[in-house]
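Chemist: Sequence:
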Amino acid sequence: MKRDVDYTWRLPELMAARGLHNTTELVPLLAERGIELSRVQVYRVVNQRPERVSLHLLAALCDIFQCEIGDLVTVTAADARARRKAATAGENVVALDRSVRPRRARVLDDE
Numbered sequence: 001m002k003r004d005v006d007y008t009w010r011l012p013e014l015m016a017a018r019g020l021h022n023t024t025e026l027v028p029l030l031a032e033r034g035i036e037l038s039r040v041q042v043y044r045v046v047n048q049r050p051e052r053v054s055l056h057l058l059a060a061l062c063d064i065f066q067c068e069i070g071d072l073v074t075v076t077a078a079d080a081r082a083r084r085k086a087a088t089a090g091e092n093v094v095a096l097d098r099s100v101r102p103r104r105a106r107v108l109d110d111e
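Residues 1 to 111 (full-length UniProt numbering) are what the sequence shown spells out, left to right.
Since the hints were derived computationally from the structure, they do not count as laboratory data.
Every residue, glycine too, gets a C-beta built ideally from N, C-alpha and C.
Hints may contain errors.
[To be verified] The following label-pair restraints were derived from C-beta to C-beta distances: (1) Asn-47 with Asp-4: 16 to 26 Å; (2) Arg-81 with Ala-17: 36 to 46 Å; (3) Asn-22 with Ala-78: 31 to 41 Å; (4) Arg-106 with Lys-2: 45 to 55 Å; (5) Arg-18 with Arg-81: 16 to 26 Å; (6) Ile-69 with Gln-41: 13 to 23 Å; (7) Gly-34 with Val-73: 13 to 23 Å; (8) Asp-4 with Cys-62: 21 to 31 Å; (9) Thr-76 with Leu-108: 55 to 65 Å; (10) Glu-51 with Lys-2: 18 to 28 Å; (11) Arg-106 with Arg-49: 22 to 32 Å.
Input sequences plus hints: build the corresponding full structure.
Modeler: Shown next as structure tokens:
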């Protein structure tokens, strides 16, 4: 059975909980742990959903925020078939008033 797997990157939430509101505040904390990233790279790691992250960076972030990897990344998985059925179950369906129906057009012959 096919499964859809997705994740949520929660680094901005952890930073806010610790009182770090600027990504530049994270640069020296990472440097203390041997991770040398530019301000732009740190900004991207924090504000964009990363596709690839090194394990050294994950370990450093876990050390900084005193958390586990599961606190940084929340994984969700669901059966693909069940998700498609739920999506078509009427979330985007507009209920129509059956009492008001359009009238069929009358075509008149040109005589």
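Chemist: Each of the hints needs a verdict: does it hold here or not?
Modeler: Results of checking the hints against the structure:
1. Take Asn-47 and Asp-4: their Cβ atoms lie about 25 Å apart, and the range 16 to 26 Å holds.
2. Checked against the given bound of 36 to 46 Å, the beta carbons of Arg-81 and Ala-17, roughly 37 Å apart, stay inside it.
3. Distance hint for Asn-22 and Ala-78: a CB-CB separation of about 36 Å, consistent with the stated range 31 to 41 Å.
4. Our hint of 45 to 55 Å for Arg-106 and Lys-2 holds, since their Cβ atoms are close to 51 Å apart.
5. A hinted range of 16 to 26 Å for the beta carbons of Arg-18 and Arg-81 is inconsistent with their spacing of about 41 Å.
6. Between Ile-69 and Gln-41 the beta carbons are some 20 Å apart, a value that agrees with the proposed interval 13 to 23 Å.
7. Distance hint check: the CB atoms of Gly-34 and Val-73 are about 21 Å apart, consistent with the given range 13 to 23 Å.
8. A C-beta distance of roughly 27 Å is found between Asp-4 and Cys-62, which places it inside the suggested range of 21 to 31 Å.
9. Distance hint check: the CB atoms of Thr-76 and Leu-108 are about 59 Å apart, consistent with the given range 55 to 65 Å.
10. Checked against the hint of 18 to 28 Å, the C-beta distance between Glu-51 and Lys-2 comes to roughly 21 Å, which is consistent with it.
11. In this structure, Arg-106 and Arg-49 break the distance hint of 22 to 32 Å, their C-beta atoms being roughly 56 Å apart.
Violation of the numbered hints given earlier is confined to hints 5, 11; the remaining hints are satisfied by the structure.
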